[in-house]
Amino acid sequence: MDIEIITGDKYGEDSYRNLFSEIMSDVGKAFQMERALLVLKPEVPLFIFSVRLRSEPASKTVSDVANVREEGDVVHMTITDERYAPDILRELWVRYGKDGVEQQTRFDIVVGNASVKDVNSIVVASEEEHLKEIIGAVWRSMPEGIKNRHTFIDGQVITIVATEERFEPYMLDEGLAHHKRMTEAGKDV
Amino acid sequence: MFEVLMYDGGIYRSEELFEFVEDIGGTIIQKTRSSQILTVMMSIPEEDREAMTEFCKELGGEIRAVPLAGTEIAVVGPTLGRHHMPHPICDIAEHLRRQGAITVVMGLARGRGKLTSQINLEEKMIIDEYDAAIFSLGNFKPCVEAKADLFSDVKVPVILVSGPSPDGVEDKCEAIVSGVGRKASRMRTPPEREKLDEIADKVGSVLKDKKRLLDEDPLFVHPAEIKLLLEEYEPVDMCLRPAPVVLHLDGLRVKIGYDEHHADIENMEIYGRRVGDICRLSPSKINDSSIIIKIKTLSEVRQEDLRRAGADDP
Chain U
1 MDIEIITGDK
11 YGEDSYRNLF
21 SEIMSDVGKA
31 FQMERALLVL
41 KPEVPLFIFS
51 VRLRSEPASK
61 TVSDVANVRE
71 EGDVVHMTIT
81 DERYAPDILR
91 ELWVRYGKDG
101 VEQQTRFDIV
111 VGNASVKDVN
121 SIVVASEEEH
131 LKEIIGAVWR
141 SMPEGIKNRH
151 TFIDGQVITI
161 VATEERFEPY
171 MLDEGLAHHK
181 RMTEAGKDV
Chain P
1001 MFEVLMYDGG
1011 IYRSEELFEF
1021 VEDIGGTIIQ
1031 KTRSSQILTV
1041 MMSIPEEDRE
1051 AMTEFCKELG
1061 GEIRAVPLAG
1071 TEIAVVGPTL
1081 GRHHMPHPIC
1091 DIAEHLRRQG
1101 AITVVMGLAR
1111 GRGKLTSQIN
1121 LEEKMIIDEY
1131 DAAIFSLGNF
1141 KPCVEAKADL
1151 FSDVKVPVIL
1161 VSGPSPDGVE
1171 DKCEAIVSGV
1181 GRKASRMRTP
1191 PEREKLDEIA
1201 DKVGSVLKDK
1211 KRLLDEDPLF
1221 VHPAEIKLLL
1231 EEYEPVDMCL
1241 RPAPVVLHLD
1251 GLRVKIGYDE
1261 HHADIENMEI
1271 YGRRVGDICR
1281 LSPSKINDSS
1291 IIIKIKTLSE
1301 VRQEDLRRAG
1311 ADDP
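Residue numbers (the numbering used here), protein chains in the order written: chain U, 1 to 189; chain P, 1001 to 1314.
Keep in mind that the hints were calculated from the coordinates and are not lab data.
Any given hint might turn out to be false.
[To be verified] According to the in silico footprint, chain U covers these stretches of chain P (three or more CB under 8 Å from chain U):
hint : stretch
1    : 1076 to 1085
2    : 1111 to 1118
3    : 1139 to 1147
4    : 1183 to 1196
[Stated by the list, open to error] Derived, one-sided and incomplete: chain U residues facing chain P with beta-carbon distance under 7 Å:
hint : residue
5    : Asp9
6    : Gly12
7    : Pro45
8    : Val94
[Said to hold, decoys possible] Away from chain P, derived, C-beta distances all over 10 Å, residues of chain U:
hint : residue
9    : Val65
10   : Asn67
11   : Gly72
12   : Lys132
Think of the CB as a built atom: it goes at the ideal place given N, C-alpha and C, for glycine as much as any other residue.
Just need the whole structure built from these sequences, with the hints factored in.
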C-alpha cells in the first residue's frame, strides 16, 4: 500500500505512516487498499483519511469464493478464498441445518439436498458490510477524540473528514478536494 | 537512606540472611519461596549494601537492586480505549513491574481529544493515592501541549511520556520522556526497550528525590514495619486479592474494607503506640474496599506528643 501523508508535524508524519499500515494489517484490510492519503492537522484539529481500494466493494456470493459441483442431490464445495470460510459455513448452516452440512476438511464441504444454483447464489459478504469494515478500520486509525466525521464514497475511494467539534465549510471542501484527487488519480492508473 | 534489594537464591542458611537484615536495621518486605528457591525483597541502609552483597555471595545467592520496589505507580492514559491500550500503556506498566513496582493502569473518563479532554476531581484524588503517575499521551505536539492541563493539578510526581518533545510543560510535570507515542504493537525492538528503560530510570530518579525529601523528616516507622503488623491481622491474612498490602513510600494500601476494619487497625500497637496515633487512615477513593494509610513523620508525632503533654499538664 502506498501511503502519502500531508502534515506539518514531523513526528506525527513518521509515526502515523507506521501506525496506519500496522492497524490496516492487524484488521486484515491492508491488502484491499491500493493507496492511502492522510492529511493530519492536529493544530485545528482536522484529519482527512482517504483510501483507494483495489476493487470496488461488491457483494460476494459463494460462486466468487468457492468451486461448487453437483452429484445427485448432493453439492460438493471447495473453498478457494479462506477468508470467507466462516461466512460460508454460517450461511449453509442457516439454510440447510448443521445436519445437512458436512465439513470434510478445512476447505471441503458437502451439502445434502441442495442444488448448485441455490448454493452459488448465497451471499456471503454484502457490499455494505465490506464498506462498514473498511470505514471501521480507518476510524480505528484516527485519533480517538476526533469523533465528528463525514464520509465521502465514490466507487473505490472512501474519504473520511474528521474534526473534534463542529465542521467548518472549508473542512468539508478540503476533504472533498482530496477525495476528488484520489478518484482522479485512480483513473490515470 | 534505605535501599530496596532483591535476593535470589536458595533457602540454605536463609535464617542467617533474615538475622543479618535485622542486625543492620533493615526490614524484609516480601519473602517468596518456591521449592528450594527463595526470593527476598528487603529494605536495608544504603551504607550496608556492600556487606549484604558479600554475605549473599557467601550463601550462594545473588542480590540486585530493584529501584522501584516498595512503590505503587499509576500509568494513566487518556482513555482505556483501543487507541491507547494495550500499547504502549501496558508495556510501560509491565516494564515497571519488572523493576519491582506495583503498577496500576488507569484510563480517564473524558481524557480523549485535544479541545475536549478533561480530568475530574475524583480522578485526580485517585491518582494522588499513588507514589507517582505516568501520563502516556500521543503523537502530535499541539495535542500533547494542550493536554498538559490534565496533570497540572496532580499532587504526586508526574512523568510525561509522549511522542514528540512538548514545549512549555516542564513546570507541570517532574520529567518528560519523548519518543513513545501511540502504538499499535508491542514495544519489543531494541530502541523501544531502551525507551522503556529510560522511563524506568526517570521514574526511579523522581522517586529517589521524593525519598530524599522524606528522609529530611523521616517517617515515624517504615511502611514495611506496619506491613508486618498487618500481615498478622486475620482479615488481611484471609484476603484473596492479589498483594493485599501494598507498600508506598510514605504509607501503605491495605485491600480490606475501611468501614469494618479501620478501628481495629488504628488500635493495633507498634513501639508502644497506637497505629491510629502515628498514621492517618482513610478510605481509598477508588472504592471503599481499600484503606490508605499515611504514616506521620517523626516531627509530626513529636509535635502531637508535646501538644498532648501540654494539654495534660497545664
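Each hint tested on the structure:
Three residues within the 8 Å Cβ limit are the bar, and the stretch 1076 to 1085 of chain P against chain U gives 6, so the coverage statement holds. Counting residues of the stretch 1111 to 1118 of chain P whose beta-carbon sits less than 8 Å from any beta-carbon of chain U gives 6, enough to reach three: the coverage restraint holds. Check result for the stretch 1139 to 1147 of chain P against chain U: holds, 5 residues qualifying (beta carbon to beta carbon below 8 Å, three or more required). Here's how the stretch 1183 to 1196 of chain P fares: 3 of its residues keep a CB closer than 8 Å to some CB of chain U, so the rule of at least three is met and the hint holds.
Because the closest C-beta pair between U:Asp9 and chain P is about 6 Å apart, less than 7 Å, the hint holds. Interface hint at U:Gly12: satisfied, since its Cβ lies 5 Å from the closest Cβ of chain P, which is below the 7 Å cut-off. At a threshold of 7 Å, the smallest CB-CB gap from U:Pro45 to chain P is about 5 Å, leaving the interface hint in force. For U:Val94, the interface hint is violated, since its Cβ never comes within 7 Å of a Cβ in chain P; the closest pair sits about 31 Å apart.
No beta-carbon of chain P is positioned within 10 Å of the beta-carbon of U:Val65; the least distance is around 29 Å. No beta-carbon of chain P is positioned within 10 Å of the beta-carbon of U:Asn67; the least distance is around 36 Å. Annotated as non-interface, U:Gly72 keeps its C-beta farther than 10 Å from every C-beta of chain P; the closest such distance is 50 Å. Under the 10 Å C-beta cut-off, the non-interface status given to U:Lys132 relative to chain P holds; the minimum distance is some 17 Å.
The structure is inconsistent with hint 8 alone, although it conforms to all the rest.
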